[in-house]
Structure formats: C-alpha cells, structure tokens
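Given these sequences and hints, build the entire structure.
Chain order of the listed sequences is A and B. Residues 6 to 430 (this note's numbering) make up the first sequence, in order. Residues 241 to 581 (this note's numbering) make up the second sequence, in order.
Everything labelled a hint here was simulated from the structure, so no lab data went into it. Keep in mind the model is a prediction, meaning the values are calculated, not measured. Every residue, glycine too, gets a C-beta built ideally from N, C-alpha and C. You may find that some hints are simply not true.
[Claimed, not checked] Derived DEER-like restraints, expressed as beta-carbon distance ranges:
hint: 1; chain 1: A; residue 1: 404; chain 2: B; residue 2: 519; range: 50 to 58 Å
hint: 2; chain 1: B; residue 1: 459; chain 2: A; residue 2: 289; range: 25 to 33 Å
hint: 3; chain 1: A; residue 1: 209; chain 2: B; residue 2: 406; range: 46 to 54 Å
[Claimed, not checked] Now the stretches of chain A that chain B is said to cover, found in silico as 3 or more residues with beta-carbon under 8 Å:
hint: 4; stretch: 74–82
hint: 5; stretch: 165–177
hint: 6; stretch: 272–285
hint: 7; stretch: 368–376
hint: 8; stretch: 392–398
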Amino acid sequence: MAYDTGQNQSGDEGGGLAALIYDPKARGLLFQIILLLAVVGFFAWILDNTVSNLAAQNKKSGFGFLEESSGFQILTTLGTYLVESQPGVATYFDIFWIGVVNTLAVAIVGIILATILGFMIGIFRLSSNIILRGFATVYVEALRNIPLLLQILFFYIVVLRILPGKREEGYTLFNGAFGLNIEGLFAPYPVVREGIGSVLLAFLGAAVLAWAVAWLARKRQEATGKQFPSFWVGLALIIAIPLAVFYSVGEPMNLEYPRFLNAGDVLPDGRTVSRIKAGYDIGLGGMVIVPEFLALLLALSLYTASFIAEIVRAGILAVPSGQTEASKALGMSNGQNLRLVVIPQALRVIIPPLTSQYLNLTKNSSLAVAIAYPDIVSVFAGTALNQVGQEIEMIFMMMMVYLVISLVTSAFMNWFNDRMRLVER
Amino acid sequence: MKLHSAMGALTALGMVMGASAASADTLADVVSNGSVQCGVSQGLPGFSNKDDAGNWTGIDVDYCRGVAAAVFGDANAVKFTPLSAKERFTALSSGEVDILSRNTTWTMTRDTQLGLNFAGVNYYDGQGMMVPSSLGVTAATELDGASICTNTGTTTELNITDFFRSNNMSFELVAFEKADEVVAAYDSGRCDVYTTDKSGIAAQRLKLADPNAHTILPETISKEPLGPVVRQGDDQWFNIARWTLNCMINAEEMGVTSANITDMMNSDNPGIKRLLGVEGTFGENLGISNGWCASIIEQVGNYGETYEANVGANTPLKLARDGSVNALWTKGGLMYAPPIR
Chain A
6 MAYDTGQNQS GDEGGGLAAL IYDPKARGLL FQIILLLAVV GFFAWILDNT VSNLAAQNKK
66 SGFGFLEESS GFQILTTLGT YLVESQPGVA TYFDIFWIGV VNTLAVAIVG IILATILGFM
126 IGIFRLSSNI ILRGFATVYV EALRNIPLLL QILFFYIVVL RILPGKREEG YTLFNGAFGL
186 NIEGLFAPYP VVREGIGSVL LAFLGAAVLA WAVAWLARKR QEATGKQFPS FWVGLALIIA
246 IPLAVFYSVG EPMNLEYPRF LNAGDVLPDG RTVSRIKAGY DIGLGGMVIV PEFLALLLAL
306 SLYTASFIAE IVRAGILAVP SGQTEASKAL GMSNGQNLRL VVIPQALRVI IPPLTSQYLN
366 LTKNSSLAVA IAYPDIVSVF AGTALNQVGQ EIEMIFMMMM VYLVISLVTS AFMNWFNDRM
426 RLVER
Chain B
241 MKLHSAMGAL TALGMVMGAS AASADTLADV VSNGSVQCGV SQGLPGFSNK DDAGNWTGID
301 VDYCRGVAAA VFGDANAVKF TPLSAKERFT ALSSGEVDIL SRNTTWTMTR DTQLGLNFAG
361 VNYYDGQGMM VPSSLGVTAA TELDGASICT NTGTTTELNI TDFFRSNNMS FELVAFEKAD
421 EVVAAYDSGR CDVYTTDKSG IAAQRLKLAD PNAHTILPET ISKEPLGPVV RQGDDQWFNI
481 ARWTLNCMIN AEEMGVTSAN ITDMMNSDNP GIKRLLGVEG TFGENLGISN GWCASIIEQV
541 GNYGETYEAN VGANTPLKLA RDGSVNALWT KGGLMYAPPI R
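Structure representation (structure tokens):
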C-alpha cells in the first residue's frame, strides 16, 4: 500500500511536470529564468576572471589612487583656472576634474557655435541668392565628407603655422587688450571684488522684469491687437539695470589686461626680463586661450555645423509651402513669416536629430588627444592612466563622465522638444 | 531537473572558460601562435622604426628578434605591434603583446603597481632638453618661463615638472600623444623646448626641418634605464626575456659575434661552450632548446653589434658608446650580465 502510494505520487508529479512543460506560461517563465541565470552567470564569470587575473598580475585595484598626488603639470586651460591645484601637488582627483572641465568647455562653446553657424548655413542653402546658396553647398559637402581627425590636425597645423612667434606681439586688438600669437589668444581677465553679488542679483531681477514685460505685452496683444516692442525694451532693461547697480556700488569688477614683455624690460619687482621670458605674461594679468583649444573648437564646430545645416534645411523644407503662402496672405513680412510661422514648425523636425549632433560633438571632443588639448581622455586616460595603471577603474570613470554629459544633454533636449511640440486642442 | 542540468552545464562552462582565461603560460601561447608578439614604438629611429623597405629596425627590434631566435630558432618569427606611450602597458597586460620592447623606463611604480616585470636594461638613458640655437640658451636653469613640448604618458612629464619646481621656475607643458606631433609642434615654434630621453632627442632631431639649428642642452635631469618588459606572474617567460638580453651582453663580453660564431662553436673556452649550448642544459632549463643563445647571436648578433648598427657613432644618431654608461663593464660602462653557469 505504502509502495503503491509512493508510485502514485511520483506518477502524479511526473504528470504535473509534463503539464507544466506544455503550459506556455510556465514554459515561458522557465526560459526567462534560464536566460536570467545565464546573463547573471556570464557577468559573474567576467567579474571573477577580472579580479583573479588582476590578482595574478599583482596589480592594484580600487579608487585609492585618487588621493595620491600626480606630480605633473597640465597646460593652462579653463580647467586649471577653475580647479585649484598646484603642479606636482594636485591629486589625481584634481586631474580628473581639470579634464572634465576642459571637455565641458570645448563641448559647450562648440555646441553654441555649431548651432549658430549651422542655422545660418542651413538657411543659406535655401536662399534664392546663388552665391550664398553655392557657398553653403560647398561648405556642407566639403566639411562633412572629410574625417574629423584630419580636420582637427589640419586646423591645428594651420593655426600654428600662420600665427606669429611667441616673442612677437602678433595680432592685437583694442590697444593691446587682446593679443594673438602662437602661444594663444591673450585676453583681459575679470577680477571681481566684494559687491559683485548685487550686480548678479540686479541682472536676475532685470531678467524677471523683462520676462514680465514680454508676458504683459503678449496678453495685451491678445486682448487688443496692439503690439509692443517687448524684445528691445527687455534688452534695454537687462543691460541698463545691472550697469546702473555696477556703478552705484563702486565698480566691483575690473579687467586685468595681458602684458607683453620685451627682453630687457624691468619688472615692478626689479627683475629684468630674460630672453626666454619675453612674450605675453599672464602671471602679471590677463588670461590665455591656448591654440590647442582654438583649433579643436574651430574643427568641432565647423564640422558639426555642416550636419546641423542639413538638419535645418530638412526641417524648413518639411514645413508645407502653404503655410508661407498663408502668412503672406495675412500680410506678414518675410522675417515674421520665418520667425513666427516657419521656424516654430520646423523646430519640431529639427530638434531630435539636433540632439544627436550635440551628443556627437561632445563625444568627438575626445579627439583632442591628437593635438595636446588636455581634455579628460588626454589627461586622465592618458597621462594619469600611465602613471597609475588602473585601466578598469579609470576608463570606467571616464565612461561615466561621457554618459552623464550625454544623458543631461538628452534630458534637456527632450524637455525642449516637449515644449516645442504642436499644442493640440 | 532540466533547470538543474542547465545550471550545472553553465557552471562547468564557466569553470572551463575561467581556467583558460586565467592561464599564464606565455611560452605555450607563443609556441602555439608560431610567433612572438612584440610591442614597439610608433617610430623612433635607432630603437624601433620602419626602414624604407618597410622592415622594422632598431635596438629594441633586435632584442625582440633575439627572443624569437631563442624560442623558435628563427629571428623572423616575430610580429611587431606599434604602440603609443599611453597604450603600451595596457597592450602588454591585456595580452595583446607578449613582450614590450619600447624604450620603456624602469621605475619602481611600474615594477610594483602596474603588474609588470622589467627583464633588464638594454639602454641607459637620461632625460635631456633641446632648444633652438637662436634662443641663445646654454643651460637648463635659464629656461624660466619656457613652454615645453613632450609626449603624454611618459616619465618625462613628471621629471620636467620636478626639475622646474625644484629650481623655482615656471613653465608651460604641451603634451602630445604621438612623437611626430611633438616634433611638428616644436618645429613650428609652439614650444621653446623639446624634452624626452636623450637618445630620443638624438633620433627625433633628424626629423626637424633643419637639425643643425638646434642645441641639446648639457643637463641630464633624470635616470632613464630603458629595457624590455613582460607581465608579472609568468616566471618562465620572464626568465627567457631576461636571459635573451644577458646572452647578448655576455656574448659581447666573450667576443662572440655573428661573424665568428661558427668558429666559436669549436672553442675550448668552457664559458663560451656553456653560452652556445655545446655544454650544459641551460636552454632546456628555460624551457627552450639548448642552442637558444647560439641562434640569437647567429641571427641577430651580440649586444655590441646591435648597438653599433642602430644607435652607434656611425649611425645618424651618433650616440658614441666608448666612455658612455652603455659601454661594457670591462670598459668602464654599466653593461654587465650575470654569468651563464
């Protein structure tokens, strides 16, 4: 009896299992579990292998290296201005931030320039003026068909070859306030003192005021149809109010100009300028934008602008010509037609591909390593990686930097895209 | 039941793959590949550089050919992978190359933190500086305020920072990834100074528009012992790498050259007999054939021969060996190899 029961039970169980296998839901679940285990197992295997291989090679791991001092100097750039660090004493974490700031600097300025230039070229491509249209076509076809790395090297070598030497004043503007030679673009450096906060507050207040004026003007136009030059009034407010505060609190900022030294000049502290020291000296005031930055910025924005131009052209052509005809029939000028009718509709087509161009530009900035611009790849994955030798940690940190920058850019552009979406009633 | 067997298979698979990926038998891998993977520079005349016919030449290249001769008895069983300064250690530790012979400085950090082993020194170097003669600089201490071009990912960036800091001088460092770009930037006047190892300066100077318009400053600001590198954790391969170099240096000391090796095989000198594998089982103890050192000398030459052919006084680099630290210890230099016995 007992034996029988056991057999029965096992028979039942077998039947149950068979039924489970033929049940699509249970079978699906089973395969999901197997897949999950396989994926988890695969990554566990990779992790285990990495750890044991690193141990076998006697390599250090972990993020302790970030506290160590690096012992090397980095080219003077925005990063070295913003991150307080002393050459030789700066930790690898400082080096990391210098790289991040430099990458962001070239990416942000590059995006702004590429957008302005790309919109211009894109509109030129649709111009009825044959010279403008021809220029824009040649520009787009030439720049987007040459590899970016070659363009960067080309601009760098051209920049270096055409600029006057380090011990010449080179090209100057505004009586020496700006100077350009092979060491870079020398410009005035703003030195701020106490009281600059009130000017910034005034600026914010003026911006809010300008926005309120624009809002009131729009309400009034909707109600009465009367127009008001809210743009010019707003601009005047934004400029005039902070300027008034600036002078009333006693000019809390002044500009230090770059100084050009000739060999043999005597410095305020009594030292004579040696032949090597001759040239612009930013230790005495002013700041420098190195030619590496200029060349990289030029190449990145010109290259990306050629893609943006095509996106803009596509966006504008996507707006049916009936829209333009209708706005003409309403008596709008060409400018009003473009500003109020065509571009708002074109933007809906333009923004999504524009986002990927912005991401491309940011990621392409890693080509900086070819021309000595100290971006994150060059200083952190280059010099620092070679001193520390912890590839996995450092490349991971670098990937995270690009991921965060790209995700923030995408999030912003998605928000902007949502705002520009056709409002349906 | 099914789940169990699947998991079991997966675990077994993981164990098998884990075991193979963690193996460290470089010699077996090299033998099964049929060639030695050797990491060299992207073009440094005298050390590792492609000649007009597209063949790799140089003192570092000859060393790798020596390793191939020791392992396979064929100095041509070697594949060269050009690496930038910053790629080199990653390429070695990831297994892309079996040996790194790329004018690499032996430092404590690299020895202890990067998972590397230096097999010896095949060139004693030191960091120097080159300036345009028109600047009129005669000593490195006059360089306050100079801008300096160099390579990223090398010890030169650290040495130059140390040197300028310890002398309270300011400077601007422009660091490029490739040596050719450093030369181009220096040549166009971006920098006042080009700094790297002195042998490298002698080599790169040849690429300048007018090599004679530049002066190499007398100071040597660092010690740069350059040598071949292998991964840690494989003692057999490390021994082969180390003794290939020792074989070449010992051969020079004993006067065995590629020209006279046939006669030397019949030498009565017990030291030479051991060197050439006529006596003893030194090659077998390394895991390779007893004629390992004879193959190296026959096909590549001894240390002195490769030095004179690649960087010596009769080459464009004109790095005279007599009286320098790179001379044999018997001639007042530092080249000294432990005996083969």
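Consistency of the hints with the structure:
1. Taking the beta carbon of each, residue 404/A and residue 519/B are about 57 Å apart, inside 50 to 58 Å as hinted.
2. Separation of residue 459/B from residue 289/A is about 28 Å and conforms to the stated range, judged on CB atoms against 25 to 33 Å.
3. Separation of residue 209/A from residue 406/B is about 48 Å and conforms to the stated range, judged on CB atoms against 46 to 54 Å.
4. Coverage of the stretch 74–82 of chain A by chain B holds. Counting CB-CB distances below 8 Å, 6 residues qualify, and the rule asks for three or more.
5. Restraint check on the stretch 165–177 of chain A versus chain B: 4 residues with Cβ-Cβ distances below 8 Å, three needed, restraint holds.
6. For a cut-off of 8 Å, the count of residues in the stretch 272–285 of chain A with a CB near a CB of chain B stands at 5, and the three-residue condition holds.
7. Coverage of a stretch by a chain is defined here by at least three residues with a beta carbon nearer than 8 Å to that chain's beta carbons; for the stretch 368–376 of chain A and chain B the count is 3, and the condition holds.
8. For the stretch 392–398 of chain A, the stated coverage by chain B holds: 4 residues have a C-beta nearer than 8 Å to a C-beta of that chain, and at least 3 were required.
In terms of the numbered hints stated before, the structure departs from none.
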